[in-house]
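Undergrad: Residues per chain are reported as follows:
Protein chains: 2
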Amino acid sequence: MTAIQQRPIGVFDSGVGGLTVVRALMERLPNENIIYFGDTARVPYGVKSRHTIEVYTEQIVSFLLEHDVKALVVACNTIAAVARDKIRQLAGGMPVLDVIAAGAKAALETTRNNHIGVIATSTTVNSNAYARAIHKQNAQTRVFSQACPLLVPLVEEGWLDHEVTRLTAREYLKPILAEDVDTLVLGCTHYPLLKSLIRQEAPQLKLVDSAITTAEVTALALKQQQLVNPDHTGAQYRFYVSDIPLRFQTIGERFLGRSLEQLEMVSLG
Amino acid sequence: MTAIQQRPIGVFDSGVGGLTVVRALMERLPNENIIYFGDTARVPYGVKSRHTIEVYTEQIVSFLLEHDVKALVVACNTIAAVARDKIRQLAGGMPVLDVIAAGAKAALETTRNNHIGVIATSTTVNSNAYARAIHKQNAQTRVFSQACPLLVPLVEEGWLDHEVTRLTAREYLKPILAEDVDTLVLGCTHYPLLKSLIRQEAPQLKLVDSAITTAEVTALALKQQQLVNPDHTGAQYRFYVSDIPLRFQTIGERFLGRSLEQLEMVSLG
Chain A
13 MTAIQQRPIG VFDSGVGGLT VVRALMERLP NENIIYFGDT ARVPYGVKSR
63 HTIEVYTEQI VSFLLEHDVK ALVVACNTIA AVARDKIRQL AGGMPVLDVI
113 AAGAKAALET TRNNHIGVIA TSTTVNSNAY ARAIHKQNAQ TRVFSQACPL
163 LVPLVEEGWL DHEVTRLTAR EYLKPILAED VDTLVLGCTH YPLLKSLIRQ
213 EAPQLKLVDS AITTAEVTAL ALKQQQLVNP DHTGAQYRFY VSDIPLRFQT
263 IGERFLGRSL EQLEMVSLG
Chain B
13 MTAIQQRPIG VFDSGVGGLT VVRALMERLP NENIIYFGDT ARVPYGVKSR
63 HTIEVYTEQI VSFLLEHDVK ALVVACNTIA AVARDKIRQL AGGMPVLDVI
113 AAGAKAALET TRNNHIGVIA TSTTVNSNAY ARAIHKQNAQ TRVFSQACPL
163 LVPLVEEGWL DHEVTRLTAR EYLKPILAED VDTLVLGCTH YPLLKSLIRQ
213 EAPQLKLVDS AITTAEVTAL ALKQQQLVNP DHTGAQYRFY VSDIPLRFQT
263 IGERFLGRSL EQLEMVSLG
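If you read the protein sequences in the order shown, they are chains A and B. To convert, count from 1 in the first sequence and add 12; that's the working numbering. To convert, count from 1 in the second sequence and add 12; that's the working numbering.
Next up, chain A with everything else stripped away, as it sits in the complex (with noise of 0.2 angstroms):
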């Protein structure tokens, strides 16, 4: 019989943009076990109701449980504002971390002038997740919103330096910019691909990545209630996609920063 501390962390996504956060992951906590499961053949939810969504996330929920993980890392921002109550329902008590509570909670350490901005899909935006989640800790926080449903497609065909990302991004950031925040939330997986381009449009900024900032809360999560694995033998990682579509493989590995192994594909629903 496997420890409790031995599980698996179980972390979800609707594509491939999860993958940041394991990345994350990887680097921030190397002795743990991680099942990745990511929607490929379904993706994106971006675009999706909140019936749907649920539905979905209830599916992929299941699965990562019969696989006995000891947590769950909720690592797309459109389940994590859609979906979270029900995740946590299902969890028993479990911990579920996510990209929102943990990049919601960054940005407020961050800001000094407490003006925040929020770059998302446009459910996330439209479910004003961050604004909730920002004004549940503090309420004098203004928080600015802007969908950019055009970034995620520009990563995926990999123009990550790009003229017309380039002017995309400008055209995107200049209402929040309008706002004087000094502070961006990279709030969709995809977007820590485009770091160093916002970085360029925009240097006045600093930027929160939701994927450093979720490995940091899973750390910390793990710890408090006694679940950090103590073998230091070798991580294993496992990758489940319910599609395995052209050019997965390249693009699994510009997210995952290394080649991506243990991939399997599943069917769920």
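Just so you know, the hints here were simulated from the structure itself, not pulled from any lab data. It is possible that part of the hints are untrue.
Chain copies aren't distinguished; within one or between two, either way the pair holds.
[As the list claims (entries may be wrong)] DMTMM-like mimics (lysine to aspartate or glutamate), calculated; alpha carbons at most 25 angstroms apart, straight line: (1) LYS207 to GLU169; (2) LYS186 to GLU175; (3) LYS218 to ASP194.
Given chain A, put chain B in place with the hints provided.
TA: Using the frame of chain A, we list chain B on its own:
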């Protein structure tokens, strides 16, 4: 009992793009009843594997056959590229028309120098379906294809006449223009909305709009098989989708060119 001629035409797509084909059918065949299915919960298909696309297509065709359609119109290039044989098999002897066969035919009728360009999603381009359809009729024709994964999100963002879209189109068209093509197939049902921008970027090209050409071949097939609806009492239109996301109504009406009524959500699979 409804005479077979009075039954609807079943039109389907992975999402809203097929509404450009419905629009062309409404104009070309104003007496025909139409049932549309758009798989908006699982869009886009252009990045999914062949197997997944076949499974989803089978579910859609079964749904339309249960609704007693007299003909099937595949208003999605990706589905036509990947699953046409499967659809014909499921449809029995009923006419099956599709955007690729129609676009290939029109391109061959249009070109003077036998150099044809095709722009489409990655899956359509990688399937090589346009080149095969064109070469079956004329093996001497040269076909140059270019995957344009960013054009769909740009259309859905509504940036139909935007500098970013112009630069993106220019970049995608460059390799095709270098091959001295005289005819360009818009091999994705979203692209007709970019017709005027593409015309400005490449005024020397004749554009093949596969929505219009698909309506033409459908009209011909109904006539040949004596399936034309004799009623002039006003056609009925019904629209089914697997999800009704944010802004769906707005985007749908942009494609259909009129208000979107009789819209219903259904779950498949």
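Undergrad: Taking the hints in turn, state whether each one holds.
TA: Each hint, compared with the structure:
1. LYS207 to GLU169: both (16 angstroms within a copy, 22 angstroms between copies)
2. LYS186 to GLU175: both (16 angstroms within a copy, 16 angstroms between copies)
3. LYS218 to ASP194: within (6 angstroms within a copy, 50 angstroms between copies)
Against the hints set out earlier in the document, no violation occurs for any number.
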